[in-house]
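Trainee: Below are the chains, spelled out letter by letter.
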Amino acid sequence: MRRSVIPGFGLSLGITVLYLGAIVLLPLCALILKASDVGLAQLWGILSSPRTLSAIRVTVTMALAATAFNAVYGLLLAWVLARYEFPGKRILDALVDVPFALPTAVAGLALTALFSKNGWFGAPLDAIGLKVAYAPVGIAIAMAFTSIPFVVRTVQPVIEDLGSDVEEAGRSLGANDFQILWRVIFPAIFPAFLAGCSLSFARSLGEFGAVIFIAGNQPMKTEIVALLTFIRLEEYNYEAAAAIATVMLAMAFAMLVITNAVQAWNLRYLGRGDG
Amino acid sequence: MVKPVSERAHTEWMVTPVGAGPVARRVVLGIVTVITLLFLVAPLALIVSSALSQGVGVFFRSLSDPGTQHAIWLTVITALIAVPLNIMFGLAAAWTVTKFEFPGRTLLISLIELPYSISPIVAGVAYLFVYGSQGLFGPLIEASGVKVMFALPAIVLASMFVTAPFVARELIPLMQVQGTDEEEAAVTLGASGFATFFRVTLPNVRWAVLYGAILCNARVMGEFGAVSVVSGNIRGQTTTLPLQIELLYQDYNVAGAFAAATVLTMVALATIVIKVALERIGRETDMPVARPPGH
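Residue numbers (my numbering), protein chains in the order written: chain V, 4 to 278; chain G, 304 to 598.
Because the hints were derived from the structure by calculation, they are not lab data.
Selected chain G positions facing chain V (in silico; Cβ < 10 angstroms):
hint: 1; residue: 334
hint: 2; residue: 336
hint: 3; residue: 342
hint: 4; residue: 350
hint: 5; residue: 391
hint: 6; residue: 397
hint: 7; residue: 423
hint: 8; residue: 483
hint: 9; residue: 499
hint: 10; residue: 568
Computed from a prediction, not measured in an experiment: that's the story for all the values here. By construction, the Cβ of each residue, glycine as well, lies at the ideal position given by its N, Cα and C atoms.
All chains should be built: construct the whole structure from the sequences, respecting the hints.
Mentor: Here it is, written out as structure tokens:
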């Protein structure tokens, strides 16, 4: 360690480690400990049960659908905020923060009311035979709502930092708008875009509050992994709850590793651009 | 001082930038506006209109329901305990990782950000296995007679878990940029560690602390998943405001649910207004307030 004249290292490190240890690491260790108490055969039984598999399938599919929607809408939003001047731009920028600031239960309640049979959107959709609330697509909408800021806020600064020189170079070499967009701009923002999408996907996998209002929560149909964990707890089936929660934790770690790898790639990419 | 890119871009363009043509611009702006109105504005509008549709009288009567009153009180108490502790932790953590070089520093930063990636439900379940009757300390706590699980302490602890990175994450990039010169000068001139912290470091980061605290407060008041596991959802005792919304909704008391939701929506909107104001202060004072890429 480099000697520093600034005092207080011991005290501040102590507070930090104590807080992280007691608040974050202790519970996670307790969870893993509990899951490791469950025998391998029983663990396999819990995880391979049709209900668990169905919950994982619903969660992953709908998180993918939500991420796909956010990829397109988030990219457009980031583009508009970074490149255009227009009246109401500040309001649009502030609106992007709504899903983060609004409690998930409130978001879930509002989306359910919007898409229920006699809601503002639900009624016209029902007339053409589309069911959103209490159906899998409702889960995807709730997940997309709560995770849209991840894509926008990751991509927006990168688009803002794009220099005009590369575009001018492309133009002077005779590229048209579409070629510049596809060959020059998109490659430059791609790592950030990918990072934003993986953050959005990770958040969607773990989302609970917003989803349970709109999902209808029918086992085997519209039940997500987070809710199944909760139900197992209410049934006092602690082994199953621990096992499923550990799977969710493992998925979160996997997404964390992927996101960090993408972001490291992103930084290298940016570093190369600066010269 | 380098000019912000957004300003530079407008002065240096030699050709029409991609997407700046009148047709492309109108189409993209149109699509974004329509989706935003449907996707982000409609839910907000619906909450307010539903709460007020039955009249202001019903709205306030719903809020004066004893269950809702207790939920508001519990939510405020939780925030009053969790947010100051989070500020203290954020300052200590940022001070540790930005003012000193030590082995394990990168690992510590990753650990600080870890709760962002973990589902609140997992956090709640994890707490149950520490303090619940099945948990590590369960028997010990039961013997001592203190109530942790399904009571205020567990609600506060779970809230602290999900918000652990909030203040630290705002402070770390800022204090990294500010470096250690000012602190080193203060210490060399004979200031004590505490004097250096309170008179040099803290004034430099006060807006970022407030920024993080506001976001932390919004999350604590709105946390649902983790709190719903550890609180046990005992009606009138451990239901925070977000849990009360679900309870009222399941009771088919839609007016009550929307009244409670409106209170939390007001907190959210106030949070965004303060956040925008703090970002402006940050720009004017040349202090880069980091945009949080995620919660």
